[in-house]
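S.K.: One letter stands for each residue in the lines below.
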Amino acid sequence: MTKYFQQLFSYLEEKIPSQELLRKVLVTIRKQEIRRKNQKMIGFLLLSLVAAFTIPFTSQILINQINNSGIAYFLEAIVNDFHSFLSFWQEFILAILESLPITGLLVFAVSLEVFIFTFRLFLHEKTFRNQLSRQRFALKV
Amino acid sequence: MEETKLIEENKSLKNKDIPLKVIKIILVFIILFTIFGLGMFVGEIKARFSFHWFENYHKNFAGPEGGFINDWQKLPFPPGDILEAHGTFGKIIKINNGDFVIEGKDNIERIIKINERTVIRSFSNMNASLKFSDLKVGDYVVIIGAANEEGQIDAQFIRILNFL
Chain A
45 MTKYFQQLFS
55 YLEEKIPSQE
65 LLRKVLVTIR
75 KQEIRRKNQK
85 MIGFLLLSLV
95 AAFTIPFTSQ
105 ILINQINNSG
115 IAYFLEAIVN
125 DFHSFLSFWQ
135 EFILAILESL
145 PITGLLVFAV
155 SLEVFIFTFR
165 LFLHEKTFRN
175 QLSRQRFALK
185 V
Chain B
13 MEETKLIEEN
23 KSLKNKDIPL
33 KVIKIILVFI
43 ILFTIFGLGM
53 FVGEIKARFS
63 FHWFENYHKN
73 FAGPEGGFIN
83 DWQKLPFPPG
93 DILEAHGTFG
103 KIIKINNGDF
113 VIEGKDNIER
123 IIKINERTVI
133 RSFSNMNASL
143 KFSDLKVGDY
153 VVIIGAANEE
163 GQIDAQFIRI
173 LNFL
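Heads up: the protein sequence lines correspond to chains A and B, in order. Start counting at 1 in the first sequence, then tack on 44, and there's your number in this note's numbering. Start counting at 1 in the second sequence, then tack on 12, and there's your number in this note's numbering.
None of these hints come from the bench; they were simulated from the model. Computed from a prediction, not measured in an experiment: that's the story for all the values here. No false leads were slipped in.
Facing chain A, a subset of chain B residues (Cβ under 7 Å, in silico):
1. 96
2. 98
3. 117
4. 168
The beta-carbon is built from N, C-alpha and C at its ideal position, and this holds for glycine as well.
Please construct the entire structure, taking both the sequences and the accompanying hints into account.
M.R.: Right, here's the structure in full:
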């Protein structure tokens with residue numbers, strides 16, 4: 045019995061997937077990855093555009109607050125009369141700290157940070173996507 | 013064999029990173045607490061000055077006899093923001109003997125007291141030291157000083173901004 049089975053299975057060849065199939069699978073994987081990268085890229089680009097759009101408004105808020113707070117006058121006094129600053133440095137520093145436009149600074153810093161962060165992510169995704177496309181192209185060729 | 017070596021090297025590198033991360037986190041917390049403490053300190057100074065300014069408003073600028081604080085629900089105006097105690101700027105609207113009144117930002121008036129040590133400078137002539145008598149109604153001035161208990165600012169440095 046065993047002998048017949050051995051004879052039967054000796055006719056079966058070992059199935060090795062063809063190189064073509066492997067190439068096709070790899071190309072499909074790359075294609076999916078590129079699609080995902082494209083989605084991420086668009087998302088980050090949109091976010092960075094929104095952040096970039098808010099920068100003029102937040103900078104305007106900051107400029108208005110700087111003008112209203114008088115901090116520019118105090119800084120100007122320090123720059124133009126450093127000797128007086130050295131004499132009354134404690135009052136100068138407290139005056140500047142008291143008039144710091146905190147809200148404007150925060151809002152501007154956040155919008156700028158979000159823009160830089162999302163734009164960096166967009167560039168990172170773009171580079172990665174380009175690498176994937178090159179690999180896919182090489183596989184296709 | 014090589015794989016286990018690599019894994020161990022990686023582990024030791026990660027272990028080396030831990031103290032650095034802890035130091036970084038501690039530093040971040042120190043910075044945050046410093047900023048928070050500084051904010052509280054400055055806020056307290058501003059709040060104290062605002063309170064004194066408000067409490068003495070009737071004495072300094074006229075108003076109800078008991079002051080506004082006794083009848084806070086009928087306040088004629090809210091200052092909007094708490095006032096800065098160490099530096100201000102604005103237009104001189106009245107000059108008295110030994111002090112003057114400025115109209116600062118948000119149209120809030122403040123009394124600036126002058127003493128013999130107050131340094132008065134002009135923007136047009138940086139080095140020249142001016143006298144109290146050189147100040148005129150309508151001049152724009154920047155004042156650096158310290159708040160007193162009467163809601164006034166004892167000026168230590170005044171700069172006249174001629175260009176405004």
